[in-house]
Each structure stands twice: as C-alpha cells, then as structure tokens.
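A.B. asks: What follows is each chain in one-letter form.
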Amino acid sequence: MGSIQLRSVNKAFGAVKVINGVDLDIKDGEFAVFVGPSGCGKSTLLRLIAGLEDVTSGHVLIDGKDVSNVGPSKRGLAMVFQSYALYPHMSVRGNIAFALKMAGEKADVIEKKVQKAAATLNLTDYLDRKPRQLSGGQRQRVAIGRAIVREPEAFLFDEPLSNLDAALRVQMRVEIGELHNALKTTMIYVTHDQVEAMTMADKIVVLDRGSVAQIGTPLELYNRPNGLFVAGFIGSPTMNMIRGPSAAKRGATTIGIRPEHADVSTTAGEWPATVRLAEHLGSDTFVHADAEGIGALTLRLEGEAPLKPDQRIFVTPREANLHKFDKNGRRIN
Amino acid sequence: MAMKQSLGKRASVTILAWVVGFLIFFPILWTFLTSFKSEIDAIAMPPKFLFFNWTLENYAEVQQRSNYLHFAYNSIVLSIGANLIGLLISIPAAWSMSFAPTKRTKDVLMWMLSTKMMPAVGVLVPIYLWARDLHLLDSLWGLGFVLMMLNLPILIWMLYTYFKEIPVGILEAARMDGASLLNEILYVLTPMAVPGIASTMLLAIILSWNEAFWTLNLATSNAAPLTAFIASYSAPEGFFWAKLSAASTLAIAPILILGWFSQKQLVRGLTFGAVK
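Residue numbers (this note's numbering), protein chains in the order written: chain A, 297 to 629; chain B, 490 to 765.
Don't take every hint at face value.
[Stated by the list, open to error] Here chain A is said to cover these stretches of chain B; the calculated rule only asks that three of the stretch's residues, wherever they fall, bring their Cβ under 8 Å from a Cβ of chain A:
no., segment
1, 519-529
2, 687-696
[Unchecked claim] A few chain A residues facing chain B, derived, Cβ under 10 Å:
no., residue
3, P368
4, K370
5, S379
6, Y380
7, H385
8, A395
9, L396
10, A399
11, K402
12, A403
13, V405
14, I406
15, A443
These are calculated hints, taken from the structure and not from any lab test. These numbers come from a predicted model, not from an experiment. Where a beta carbon is used, it is the ideal one built from N, C-alpha and C, also for glycine.
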C-alpha cells in the first residue's frame, strides 16, 4: 500500500515561500508526475514527501499515517536522484546492498535480493565494478536497483533522466514505465520535460511558483487546461495565444489554439498570414507564420506541406478545439 | 594554448627551486651533520661541513644520560592519542557545520580560528593552575587534553573544507536507504573522506609532535615528550651543540620519516579545494 496525501503543505526557506498550501492525493500504484518550469517547487515538494526537508506547516501522510515528523529513513520510501548519488567507494553490489544492510538483513538474503535486482536491470556483469567505471545509463540503473531492493511503499524520482543523452533518455523512459507496470508500486516522478510527463504519467501535477496549477491525466491537461499557464506549458510546440478582436468576438480576453487544431489554406481563411519558416519533418510540417493583427503563429500540418518563406496563407482555427480564457487567465469554456 | 617554456627558463626555475629547497632544508641537514661532530668541531670557525672526524659519541652519551625511548613513547602517545580523540570530536562537529549549518556557523568557525591567533602565553597561567588543581601536571592525560584542544580548530576547519566537497546528495541517499546519523557518518561520510581525514591527522600529529610551549610548561618527566628531551640539553652554562644536535636528530627523525612517506597526502591535504 503506497498512497500519499499532502494536506495544506507549506514550505518556506526563511522569508521565501517556495510551496504554498499544496493539497494532493496520490493513489496506491499511481504514476504521478510533478512538472513545471525551473524554480516552481517540484523538487522541493518531492523532498518534503521524502522527508529530506521539513514542512513549515501542513501534513504529509503515507497510507493515512502522518509522517510529517518522521525521518526519511523511516518513511518506507526510496529515491532516485538526478545525480544518481551512488556511493563512490562501494561497488555496484555494495550500493544496491546498502539499504538491506542498514535494515539488518542476513547476508544470504541480501545477496539473493541484489542478484534479483541486478538481473532485472541487466547489471549482473557489473556487480563488482565501482560507479566511476560505469556509463551514465548504467549508473542510473544502479540508482534504480538501489531503490528497488528496498521494496518501498513508493518510488520518488527526481529528474532522473536529465543527465542522460537524448537516445538514452527515451530508452530509460520506456524502462521506467515497464518497471512501473511490473511492480505496480506508487511512483512520483519530477521532471521539467513535459514530454516525459505526458508519456509516463497516470496523473500530472503541474506546479507554478509553489502552487498547484492543475492536476489531471495527461489528456485532461492537454485538452482542457484550466488556465493560461497550463495551456502554455503542456504541449509542444506551445499553444498559440491570441488576444484582441479575434478573442473578444468569441467572448474571451485570450483564445488559445494548438498548432495542430488550425486549418491552413492558400486561398481563404480567418487570419491572413505570411510564412516566416517551414520545418519539413516528413511526418509533419511545422509552419511559423506572422498573422496580421494577431502576431506569431505556430502551425502543425500532417505530412508534407509545400509552403515556403514569404508565402501568403490563411489560418482558420477549429472552433471545437478553441480554448477561451478570461482576463485573469482562467478557462471559461 | 599550451605555453612552451624555453629550456633556459625551465632550467633557471629548477635551479631556483633546488636552491630554495636546500635553504629550507639546511638547518635540519646542519643539525644532522653536527650530531656526528665532537663539541670542538661543532663550534669550529670556519664551520666544518663534511670534513671532520665523524663520531657516534654524542648519540651514546645522549642515550646514556636520558631514556630516549621514554620520551619517544610519550611523544607517540600524545601526538596520536590526543588527535585521535580530537578526531572523534571534530568529525561530528565538521559534519554539523558542513551539512546542517545555521546562520552562526561561519561565525563559530572564525571564532575557533581566532583562538589560534592568540599567543599561548596569554593563557599559560590559568591552564597551569587548572592542571595543578586537577592533579594533571606532568600527566599524559592533562598534556594530551591541552594538545587536543590546541588542534581542535585546525582539525575541524580542515575536515569542514573536505566535507564541503562531498556531494550532500550522497548523504541524503544514505538517509533514504535507512541509515541513521551514526551509520551515515560511519559507512558513507568517513570512507569518502578518508584521504582528507588522513591528511588532517598527519598534519595534526606533526603539530603535536613539535609542540614545545605547553609540553615544556606542563610536563617535567613522566609525561615529557621529545621536545622536553631536546630542551634538557640547553644548559645554563651554554649549549652543548653536538649533543643538542644528536638529541634533536633523534627527536625529529620519526616525524621526518613519517612526513617523507606521507608527503603526497600532506600536500593534498594542505591544498585540497584550492584548485578545482
């Protein structure tokens, strides 16, 4: 059982408030992702759950038990750090076994569990190596192996893939997803990469300056962002935000339309525009255009679109996919 | 862009380095050579460098007159013992300052260092009286305690600088792995800081070994280390240079040998953190 609840959690470092009244419910077995721009407090929130930081006020509950005053070693959680934080003076075997040694397990039990974790993560051949003799991906696996052997209530991942190259990141993302499917243990994953968030999460918690902006499934956040911040953060390329007469005639201060939800014509349409740049990816074409009286627009067209710079086009947003926001940036449709 | 130094420049720098090294080493070399001279040769004018009648009589007399091994034993016990206990105090102190600092941590560190700037003679009387009243004069415990306290600022400062280099994430990982504070220090921090702890201990042992002021004032015979052994060869009638040199050579030989074999660790210890 690994459900985690946060009740009115606040955290301040001196006079600086970094977490403002966060309420959160993560169900047992859920893969929750904390996402947000740098400095939004996602790592701090993770560390509050881990017990590496104390809450200024509020409560952290694990399976209904208040652990706000319980040290990190006793919360039954395991953490995978961004920098891996492997023990440099211990071998891979020593790193993975350390938690079991601290728990007072017998040597034969430790060895069996270490071998099992190593087999799961393809580390069997590296058990006697030191961390400095491993590649980045191998070190990350050792960090995960160290967490797995503890059989924790929940796993905490603090941007574990940011130090890896792009190809390895994709591979490890899949491996972590498969691990979650196999173990069915609660996982809380912190990232600034919204692609990781969208592909891995059961539930995404978007944080903005220490507060929760929105909680929902990836598609809920994508299709119905509750405000300008979430609308602009989730989705790549970013949603186009339009102010002025086009928004006012639709009863909003700002309207948003995702790049793939606008129709582009060379003959007629609502917004006349000039192509600035067309990026041809083969599967898609990304068109960057300047629309008259609107501003810059990014559009995504399926397949190959033969558009060139300085070409005149007409952009029409699909009304069913429009997002409307009031003067406070809150969703109104 | 790598700078190629001319052969001439490299040769001059090398020669200069050797000259400076020789000048620094010269007093020790002179002491060593004088220990093999007769008293007459020791005060000869012009001074005799290598060509004199080499003799071992000074060593024989020094060993006959005083029990070198007793003083050496005290030096070893005091240097190592006092600093081992100091280490037991300074490791947790440095941990606390490195990983759980408060607003006052820097002030405390500066204050500790400031105590080293005070002339020792300023506190001679109160410490002497304290040792006398507690019957700790001329005792290894009393002298050891004072030596430990003398070195604590240095032990804590040096360990603090080493510990600051240790990524705090590794200690946090140990906490997440279920390690108590003691286990964190024993199994993670200390093994990682072994080079730093070793070089700190080496420096502290050398400082304690050479400490003369307190050893001369707080010990006479039972707890007297090799510094007192050397001082006993300074007589009111004047210095018996040859015997004094023999006594000095015997006193500094062990620490010189230790320093020679651990010079890499010593240099690392003194320069750690200075160059990234």
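A.B. asks: Give a verdict on every hint.
C.D. replies: Evaluation of the provided hints:
1. 519-529: violated (count 0)
2. 687-696: It is violated: at least three residues are needed, and the segment 687-696 of chain B offers just 0 whose Cβ sits closer than 8 Å to chain A.
3. P368: holds (5 Å)
4. K370: Holds, because the Cβ-Cβ distance from K370(A) to chain B comes to roughly 8 Å (cut-off 10 Å).
5. S379: holds (5 Å)
6. Y380: Holds. Min distance 8 Å.
7. H385: holds (5 Å)
8. A395: Holds. Min distance 4 Å.
9. L396: holds (9 Å)
10. A399: holds (6 Å)
11. K402: violated (16 Å)
12. A403: Interface hint status for A403(A): violated (16 Å vs cutoff 10 Å).
13. V405: violated (15 Å)
14. I406: violated (13 Å)
15. A443: holds (8 Å)
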